[in-house]
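*Asks:* Listed here are the chains, written in short residue letters.
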Amino acid sequence: MLISDYNPITGYIALWNGIFGDSYAIGETIRQISPYILAGLAVAFAFRTGLFNIGVEGQLIVGWFAAAYVGMAFDLPKIIHLPFALIAAAAAGALWGLVPGILKATLKVHEVIVTIMMNYIALHVVNALIKTLSGGGFKLERIHQSASLRSEFLSNLTDYSTLHYGIFVALAMVVVMWFILEKTKTGFELKSVGYNDNAARYAGMSANKNIVLAMVISGAFAGLGGAMEALGTFGNMSSMGGFTGIGFDGIAVALLGANTPLGVIFGATLFGSLKYGANNMPNEAGIPVEIVSIIIALVIFFVACGYIIRVGLIRLRNKKEEK
Amino acid sequence: MLDVLYFIIPITIASAAPLIFTAIGGVFSERSGVINIGLEGLMIMGAFIGILFNLFFADTFGAWTPWIALLVAMLVSALFATLHAVASISFRADQVVSGVAINMLGLAIALFSVKMIFGKGQTDFIQQKIPRFNVPFLEDIPIIGPMFFKLVYGSSIMAIVVAFIAWFVIYKTPFGLRLRSVGEHPMAADTMGIKVTKIRYIAVLISGGLAGIGGAVYSQTITNDFGHATINGQGFMALAAMIFGKWHPLGALGAALFFGFAQALAISSSSIKLLADIPSVYFHIFPYVLTILALAGFLGKAKAPKALGKPYVKGNR
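Protein chains in written order, with the working numbering: chain A, 1 to 323; chain B, 1 to 317.
Excised from the complex, chain A in its bound form:
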């Protein structure tokens, strides 16, 4: 920040106020954290099975769309409607994850490239669907109240912010991921395939089945992240000129959280608050919000390098001990 000739202190004060300044800001920050948790979970879950899911962004977009569509098109009692919309979002995300999963499992196609391409397909297809459904317009109608995650109570508590129940969904999913990975046979198989797929295969596990399963679950998490935006924050969906960025930031969240469910909460809290707090910086300190994206990118970069530096240090120590 010093390089760019802005005052770092006023900058950080602005950032701080943006995150914790008043109860409204806290509410908005927590609201921002929930999709980050889900995106982080999606990336982390795939990582644990040895897959790199860059497609979280696309899975999130289709999830957003599915939730917004179900919320808008049906009229059901809340107890059915809300879960239905959430499941639709998860299913859409899972479907988007299924394609790279199957291609990876059956044809050994590298999942990174496929998921990137799926991101763009999601973006264009969803934009086209919005245009068709809204009769040439650029956004869908608002969802019905019965599908909304919004809550009067949370909103009042935080000075009329857009805080919604989504954070509880996100936290529940953290528990779900922990449970799947640590407490079920499937989770054990998924992790084994991630560690060493040859050994897993030798032990009689089906690596292919687990690859597909991992991508599907990962996609479902991402789809739910989209549902947060559809049912909670925005209440509808507008056609998009570019990506939301949540999916890509999810990579940073997962990396920083060391791919564990608990770590993801911390990663998401950090990046979610930075991201929301940064919106306050242009007004209070005149610093462009992109500074936070630069920081996030640098964190990814150094975590990627740092891992190797750590391995190098350990190796160096081992060598000394041998002598």
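Take the hints with a grain of salt, since some may be wrong.
[To be verified] In silico SDA-like cross-links for lysine to any residue, where the CA-CA straight-line distance does not exceed 20 Å: (1) B:K306 <-> A:H110; (2) A:K108 <-> B:K306; (3) B:K306 <-> A:V109; (4) A:K183 <-> A:S206; (5) B:K310 <-> A:S206; (6) A:K185 <-> A:F47; (7) B:K195 <-> B:G176.
[Stated by the list, open to error] Just some of the chain B residues that point at chain A, by a computed CB distance under 10 Å: (8) L83; (9) M104; (10) A229; (11) G309.
Quick caveat, the hints were computed from the structure, so don't treat them as lab data. Where is the CB? At the ideal position from N, CA and C, for every residue including glycine.
With the hints as your guide, set chain B onto chain A.
*Replies:* Just chain B, lined up with the frame of chain A:
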């Protein structure tokens, strides 16, 4: 029908040129065994620097500005690619993660600088664009002349020339042989006395430079300013072109032209009678779907360099 071609082919070539540059850059990097997902970020950097230079030095250099801007964009993007090179070659970082970081960093730095310098979300429009001109003699050829040689951008011709040069360098020179061997079997190459690290560094820098030119060509021919959506997927489309072209410079050239054609159709399908009924979304997703099919092996076997994505550790087997 001929009118349609007269209309569409120039758009095709214009939208393909940036893809060609960037895809060729990708070929260099990946042939040496370094995955370069960061092409998008490098292109953004190139597009931004190109516009920036053009805006500030248009008075000094006059009509030469866009060309010098290309050069500067190339140098800056190559410098930016050094980050990726250091991380993925020397520090053995995960090349995909590092590439993702490059993409985010490129966009963030460019937008941050734009807001800092111009105080708003996008730059002003440039005055000195890359000029279009008629190729003498060739433009008089009936049918082909007006299609290919009337009012072409100089940069488009350059792109095609670069593709052929790249083919020559990679397949006909000692450097090219080393490049390919480093990407296929680095240990064997090392045994033969080739400096794996050095070759890979050079390859990544070349890819950065070419992606920078690609970005600057895009911003100086198509958008003429720089904002958050200037480069929106072009880098990944170039990546797709490279894969679809089977990691071969001329294949990448063909694929880039083909994707340019798809883009041209997407832009202009509404004004062509035959295609007006087809929703443009099909043309938009066409290159991406095609790439997935190509990867899945439905369109002939595409083989990636063997050592792609693996850092080379001396003495490891």
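*Asks:* All hints are to be evaluated individually against the structure, with a verdict given for each.
*Replies:* Hints, one by one, checked against the model:
The straight-line distance between the Cα atoms of B:K306 and A:H110 is roughly 13 Å, inside the 20 Å bound, and the hint therefore holds. Restraint check for A:K108 and B:K306: the C-alpha separation of about 14 Å stays at or below 20 Å, so the hint holds. For the hint pairing B:K306 with A:V109, the CA-to-CA distance comes to about 14 Å; that is within 20 Å, so the pair holds. With a CA separation close to 19 Å, the supplied pair A:K183 and A:S206 stays within the 20 Å bound.
Taking the CA atoms of B:K310 and A:S206, the gap is near 25 Å; set against the 20 Å cutoff, the hint is violated. In summary, the hint linking A:K185 to A:F47 is supported, as the alpha carbons are separated by about 18 Å, within the 20 Å threshold. Of the supplied pair hints, the one linking B:K195 and B:G176 holds, its CA atoms being roughly 13 Å apart against a limit of 20 Å. The beta carbon of B:L83 comes within 7 Å of a beta carbon in chain A, closer than 10 Å, and the hint placing it at the interface holds.
At a threshold of 10 Å, the smallest CB-CB gap from B:M104 to chain A is about 4 Å, leaving the interface hint in force. Checking B:A229 against chain A: minimum C-beta separation of about 5 Å stays under 10 Å; hint holds. Because the closest C-beta pair between B:G309 and chain A is about 9 Å apart, less than 10 Å, the hint holds.
In the structure shown, a violation is registered for the earlier hint numbered 5 alone.
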